[in-house]
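There are 6 protein chains.
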Amino acid sequence: MVGVPTFATPPGFLGLPFTTTPAALSVAGIPLDIGTTNRAGTRAGPQAIRAASRMLVDGAHPVSGVDPATLSLADLGEFAIALGDIQASLALIEQQAALIPHLLALGGEHGVTLPLLRALARRVGQSLALLHVDAHCDTWSESFGQEYGHGSVFFHAINEGLIDPHRTIQIGIRATVQTEVAAWAPARGVTVLSAQDVHAEGIAATIARARAVLGTGPAYLSFDIDALDPAFAPGTGTPEIGGLASWQAQALIRGMAGLDWRGMDLVEVAPAYDVSEITALAGATLAWEYICMVGKDWGK
Amino acid sequence: MVGVPTFATPPGFLGLPFTTTPAALSVAGIPLDIGTTNRAGTRAGPQAIRAASRMLVDGAHPVSGVDPATLSLADLGEFAIALGDIQASLALIEQQAALIPHLLALGGEHGVTLPLLRALARRVGQSLALLHVDAHCDTWSESFGQEYGHGSVFFHAINEGLIDPHRTIQIGIRATVQTEVAAWAPARGVTVLSAQDVHAEGIAATIARARAVLGTGPAYLSFDIDALDPAFAPGTGTPEIGGLASWQAQALIRGMAGLDWRGMDLVEVAPAYDVSEITALAGATLAWEYICMVGKDWGK
Amino acid sequence: MVGVPTFATPPGFLGLPFTTTPAALSVAGIPLDIGTTNRAGTRAGPQAIRAASRMLVDGAHPVSGVDPATLSLADLGEFAIALGDIQASLALIEQQAALIPHLLALGGEHGVTLPLLRALARRVGQSLALLHVDAHCDTWSESFGQEYGHGSVFFHAINEGLIDPHRTIQIGIRATVQTEVAAWAPARGVTVLSAQDVHAEGIAATIARARAVLGTGPAYLSFDIDALDPAFAPGTGTPEIGGLASWQAQALIRGMAGLDWRGMDLVEVAPAYDVSEITALAGATLAWEYICMVGKDWGK
Amino acid sequence: MVGVPTFATPPGFLGLPFTTTPAALSVAGIPLDIGTTNRAGTRAGPQAIRAASRMLVDGAHPVSGVDPATLSLADLGEFAIALGDIQASLALIEQQAALIPHLLALGGEHGVTLPLLRALARRVGQSLALLHVDAHCDTWSESFGQEYGHGSVFFHAINEGLIDPHRTIQIGIRATVQTEVAAWAPARGVTVLSAQDVHAEGIAATIARARAVLGTGPAYLSFDIDALDPAFAPGTGTPEIGGLASWQAQALIRGMAGLDWRGMDLVEVAPAYDVSEITALAGATLAWEYICMVGKDWGK
Amino acid sequence: MVGVPTFATPPGFLGLPFTTTPAALSVAGIPLDIGTTNRAGTRAGPQAIRAASRMLVDGAHPVSGVDPATLSLADLGEFAIALGDIQASLALIEQQAALIPHLLALGGEHGVTLPLLRALARRVGQSLALLHVDAHCDTWSESFGQEYGHGSVFFHAINEGLIDPHRTIQIGIRATVQTEVAAWAPARGVTVLSAQDVHAEGIAATIARARAVLGTGPAYLSFDIDALDPAFAPGTGTPEIGGLASWQAQALIRGMAGLDWRGMDLVEVAPAYDVSEITALAGATLAWEYICMVGKDWGK
Amino acid sequence: MVGVPTFATPPGFLGLPFTTTPAALSVAGIPLDIGTTNRAGTRAGPQAIRAASRMLVDGAHPVSGVDPATLSLADLGEFAIALGDIQASLALIEQQAALIPHLLALGGEHGVTLPLLRALARRVGQSLALLHVDAHCDTWSESFGQEYGHGSVFFHAINEGLIDPHRTIQIGIRATVQTEVAAWAPARGVTVLSAQDVHAEGIAATIARARAVLGTGPAYLSFDIDALDPAFAPGTGTPEIGGLASWQAQALIRGMAGLDWRGMDLVEVAPAYDVSEITALAGATLAWEYICMVGKDWGK
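Protein chains in written order, with numbering that gives the first Met the number 0: chain A, 0 to 299; chain B, 0 to 299; chain C, 0 to 299; chain D, 0 to 299; chain E, 0 to 299; chain F, 0 to 299.
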């Protein structure tokens, strides 16, 4: 181990200094949380995830051997948002995301994904393939009267043509849901694997299924930390028992190597409900898995 | 999602109003906890479980499609108990339980199960089949000199003929135990599956085994939250490592559909030791799994 | 002690059943929290305060002898709000408040006070005297670009003529503040006592000062729990050290008897940051002090 | 500093070894908690207080110069109790206490004080003077139907002639109370000082008042940790805001030197609700203050 | 259940009295923690593990039937260390360990293993087989400039010939690591199984692999609690997600019966980061599994 | 309020960027904690204090009107230390401190003060006046065999002539202490005020006393957060009840204006024992009080 002990690591993601200049892959925090419907506080997620990432600074990924220190990475700090105004915040997020070639966004609530997809779909000029890992389908047409909150992200993303439902897979889904809402996305071609499906079939089969659905075009990964079981990720707003173990989530991301990844978000870490930083560490580690997974292909 | 956000949900189980009139299936809290032998505080379990159940109010079960809102349910509030007096409390519990056709009791300590079984066995007029999910066998003849505490429930239930040992299965058992106590129930015909057995054989085999033991007669489910591993349910009085994952417990209950269920208790949630409400949520969700499982058959 | 043990108390404020019919004094929760600027989560405040109030159900106030059980009280449950939309939420709150003769509102963030004052000032037909207990002056013209958040409540209330600055006193103020903001309210006639002033001069002098400022007309009490020191109220979003002790706050409210009180709010309890329920208990107790204080005069 | 670092201190009170032989002053734990009426868990109090006392092992009292290491002290471990049976437990406690010349009991709930007073009054052959520091008067005739719980200790102690009401003073009282209960003890000659009285009059006046009431005969100190404000002692079952600061409690005990002290209990520490061990440390320190206070006179 | 309730159990490991005389197998705490590189506080580990072991006092192991009460066990209390001086502490630890025939050491940090191995290798007169369960390989040549910290234990142990790399297996490894460090131990013959390997291949295969590597000579078990996933063991200094479940760790130790075990350490429990004592309980239970596993062979 | 919401504030102290260039007053963290004798973890103090300081970024001091944004301030990040080696760490700290004109050091343990005083006394060329606010006198000649730990700082500082005992005042002292240790510093001219003295005499008298002792020469402020009562600062390693309230500490620092301040340290914040960030906030606020206090004189 070289450098400084973890407890003295600078607070950017993986110890990166803050900058305003994007790199090949850029991390940014989006502290929006006003569209959440149960427990609050994902605004503090980005800084908690960054702090937890100090554990991952030194050395390479133990399986792929990719060392993030050798990659072109930047931490752009926090996106500006409009306090108390979701619509204005979504517009601001889209504007800022549009300027970043490859963004790894740290939430914040899941509502941030919609403007990220808007910006990215416009950039790539086509619908994206989507790997959506979550306890909730997030395809409600609205949430308690709120059109653009964290429960309707993919309803809008599909309706707006930002993602291609036939190349979209949702993994970990297990929450209560109205029957018609549950049927909506599959009726449009979306593949849904529940957490019980993953437990029953195993992670290797899950990976194979996901790769088959995602295909070879530009793809996006949206990871809601509540996909993990509350035992592994208590620090989130709408926990659901029966979820994924952290090792399954890591294996899943490792299994995504070689696809055409264009961006990721890691959302819904709510530090006030975390214990001993384990949820923030899970978020940081899954973001780092993504970086090492896509970074593996950069050298090719 | 319709109705109110979860954070404004009324505090009855699944947002039900409190009532004194039983429904087809009635929920009640039993805040007895004076017979516990390690950590205290299950008296606060019922209210914590109810609060956590707000997450489950809206929508149907994601697999069975059963929507509790369509079932005849009631929350009867808290049972009266006799403070500081176990025997008097057990008598009170039995009296109150006798008036309720189908009771889902929220503990409170496991000691409450004995009077519930007494009331139910009398109602059905025969010994019950029992699915007992727990880290502890609870067949001690006494606990530290106390005849009727949370460790001797099934010793008495078998001796009193309330349950049929040949149609009784205990799942998740793993605590230290005197050799003669461990041998007592199996000698009477009880089937015992340790948590390691479940991990080794898989949940499908466990379900098959349980169904074979339980048979087709009137059955009762007693679920001690410490059957779950402390990672999934830290908020309990006598945790034991090596336990079940919450997804296994959910799968187990789902696998019990079609049997002749007459009642359930979910006991030993001790909120003072919970973190971020995950144990209470596990308790609430397992109770809701039971409701959806038995409710599925009501329409037939 | 009669009735049920506190751990089995129904969950309305002081164990009241929920109702839709106002009483002489009505309690309601307002789970709005999207205008907060530091730590999140006051949406969960009302239910936490209600749960903590179980400690106060049985018996009379130890000094005044007023027993809330003898008063005309109601718990109206939670106000409807518009998720993710402050302006629409403020309008909804004002509409609901307009229907309630004497409201004790449980926050939620401080932003809820503005519509409460709008409704009340219209009802009484004149500007109100205001006792504002808080760590922050809340007279910013905006907060980080947000016009109507928890930091600008009294800027608007004064500008809209809802409160009379000459009959307004702020107690406990101690946060960092721009010099011009600090000068704004005093320039309009508002009296400001810092927490250090209270510590130095004593609570009796503080009470005398407050009574002199408030005068005899219709008065309103807005109590931000962060007026208390974080030692006494850690569960809040924008804590500031050096605050009031809870006994000082109790003495202050007791000292307000005999004035023409028309309403109160107790805001900014953020349960995710609370420890062992002490902040929620402080909130519940201060609300109960208000009830007993105004209730003392009802019998006259 | 000599000896071992605090984190390696043996776990008896002040690092004492456990023994069965009483010393001039003996410490014992009484893990009874089944008579409590709100939050549970004082059974774990004695061990938490002992662990926290490691901070006090090395050196003398900073004011009196008394070094407990020079006194005849013993830690007798935990009293036996009858699980789930208050009456039988009280009898057991009385039997065990009867064998100990000068007992400092660590609770456990306040219900343990009654048998301690029974044993002590018999030993000294007369009614005792009582210094009772508490948020609650504990003179209810019963608690929720329970005759001998933590709320009726001094009702019975006065009725049984164990304490002399004219030489009894209650300090810190502030909870809700039925008017007739509040009047009962004063009508028998008991002096009551509320926490607000202490805050208003100062601790020196409080000490003078207490000494005047207690007089020169055999005296007993019963200290309920909830006399302290929840900010200083969150780890207790029935917290009430507005309480004493820990420095006031220390000053009070220091001010009791020279009286004829025969025993003390420190009760109602509930570790599950403690934070960072501060309540247990307060309990340990107040017990140590008593030891140093009475030990000061031993050498004379 | 006989004896005393768990909440009154004496504080030695498994309720043993402290002694200075070793038994056939002796437990001792080693509160060294100054060589840690991320979160602090393993000095408090031994006492927390002992306290948690109260759950295991009564009765036999549920599978092997071994009852620790029938074995020759002792708790020797805490080892002396040199505050603030790692090298002097390591020397002290080695001296103390040299006097104990079969030691089960409770950490403290992993740095304590080196002097334990030094003492043990000298005692047995040969290199030891090693089962090392951990998230980290701990074969760095130094940690942030520190030669003898918790990250370089096995680098030194191999270089000093204390362990035989060909009979050494590391299980659970998953942290970031420099490529050359990751290659160092395997190049010397060490077998490394990642946590993902265990999850993928199953615990039975893992056990078989370990037994094959360890062989029949004198063997040592070093268990770093961070081998477990943070969900199961949050209370540690350098958590890494994706770890073992507690049931896997238990199965692993049970699978080691019959080998020539000479000692164990259970290190890196950091109670300040624990929740509801689950990490301490995991540590205590794994130590108890070792005792029952080796004790099983004693009677042969 | 301008700028960004507090939850998006950059992580330097008061939102400052990290730099390597000192300003008129520079903040630096010193994450040394291996010399502590009770609870561990002050290594994480600097980053926690910085994070908590976000509350203080916007606006001026409410009493003095000093706005830190107008001062020449820098955050130099963390000092390098030698892991596991106190003596080497002290040497490193002294070297780094020697390069900084006016340092506000954020601990870390109190042991860091000795090298800071060594560097500063050499810089100013004379003994310093010292205001030492603490629960412990820290004048032991050693701590459990350790010559340079957090308990012997001022023993060495006096012996080395770094501070002038006649211009040294210790405030808040209240821990157990050997009689000869308690007598040592006063015998050399040091003034000692216990926490009880402060409570009894009032903070104005305390300020006057301190100013009289400190005189007009170069002065240093060493503030151990455990001077505060554990209610106000639970997050520390060696808490002692009966301490100062945070408002008293603020008043004390404000009362020190106009003296010749040359440096400050704020030590012993141990975040693992903190609750809801209140200790870190207290530390941050007291450091900010110092900045505003000394900054007030800069413009003169």
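Simulated from the structure, these hints should not be mistaken for lab results. Glycine is no exception: its CB is placed at the ideal position from the N, C-alpha and C atoms. Accuracy of the hints is not assured; some may be wrong.
Now the stretches of chain F that chain A is said to cover, found in silico as 3 or more residues with beta-carbon under 8 Å [to be verified]: (1) 29-43; (2) 69-79; (3) 98-106.
Computed footprint of chain F on chain A, listed as stretches where at least three residues anywhere in the stretch have a Cβ under 8 Å from a Cβ of chain F [unchecked claim]: (4) 67-79; (5) 283-295.
Going down the list of hints, with the structure as the test:
Counting residues of the segment 29-43 of chain F whose C-beta lies closer than 8 Å to any C-beta of chain A gives 3; at least three are required, and the coverage claim holds. Figure legend: the segment 69-79 of chain F, annotated as covered by chain A; annotation consistent (3 residues with Cβ-Cβ distances under 8 Å, at least 3 required). Here the segment 98-106 of chain F counts 0 residues with a CB under 8 Å from a CB of chain A, which misses the bar of 3, and the coverage is violated. As drawn, the segment 67-79 of chain A meets chain F at 3 residues by the rule of a beta-carbon pair under 8 Å; at three or more, the given contact holds.
Counting residues of the segment 283-295 of chain A whose CB falls under 8 Å from any CB of chain F gives 0; the rule of at least 3 is not met.
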